[in-house]
Amino acid sequence: MAAPAVQRSSAQQAAEQGILARWVTRLLQGLIFLIITLGFSIATEWTGMATGFWDEAGTQHCQIMLEQELSVLNADFRRSVIVEQPAQFARRFADNFYNLIFRKTGIESLIIALAKPTPGVNDGSFRQRLRHYYQLAQDYMLAAMLITQVFAVRLAVLVLALPAFVLLGLMGLTDGLVQRDIRRWSGGRESSFVYHWAKKVLYPALIMPWILYLAIPSSIHPNLIVLPFAILFAMSVRVMASTFKKYL
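Heads up: the sequence shown begins at 0 in numbering that gives the first Met the number 0, then just goes up one per residue.
Do not take every clue at face value.
Ranges of calculated distance between the beta carbons of each label pair, as one might list FRET restraints [stated by the list, open to error]: (1) 43 - 23: 26 to 36 angstroms; (2) 180 - 52: 51 to 61 angstroms; (3) 185 - 94: 50 to 60 angstroms; (4) 105 - 19: 25 to 35 angstroms; (5) 198 - 162: 21 to 31 angstroms; (6) 108 - 26: 24 to 34 angstroms; (7) 74 - 109: 30 to 40 angstroms; (8) 174 - 94: 35 to 45 angstroms; (9) 178 - 45: 24 to 34 angstroms; (10) 17 - 104: 26 to 36 angstroms; (11) 191 - 74: 39 to 49 angstroms.
None of these hints come from the bench; they were simulated from the model. Quick reminder that beta carbons are idealized off the backbone N, C-alpha and C, glycines included.
Taking the hints into account, I'd like the entire structure generated from these sequences.
Here's what the structure looks like:
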């Protein structure tokens, strides 16, 4: 009697550890994804500056992007299900993100020290070389800091857009279940092929808005990216619910 109980306990513990491990893995994957996307955004901005692809010189391109992102928040994001004031939430989120990346790590202090020599202090040759290299890459460093703020604002916008996916997904699920019952009671044909193809669309519909909106190198209204994929997500949920073959 004791052996089966021990086996059940160990199996339950292994299952709980497996669930926890999956959640930790997903969180780490999400963090790595955000870091890679931020690095790609900075690299894209630097490439445009180096090749002269942007119409604006120096850091003006990313400055304009940041101003446009904030103006869109002020104009079109007056209300949200998650927070009372979405624009202020995005600004606070961007400020905290900037503080975490540049101030807490001491990068901002180092940049200020390299940009402005301390009066009455005789800098060594190593620090002089660092200041010389910083002056050459000053615009690129400032662009990286501005792009980080743009990235944080867009990340906050995507978080605020999550209720749209939930609402449209529930609408698609409800309509799909109704269609499923109608099909079952009217003797309609079932198709697992359609179900599996709709299931393949579900995950990209959730991920692609984050990839495109966070990495796109120009200012764009978030509705142009979020809404199409939210509708695609709802359609995928609807098709999956309507073609699900097993009894609920």
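Hint check against the structure, violated hint numbers in rising order:
9
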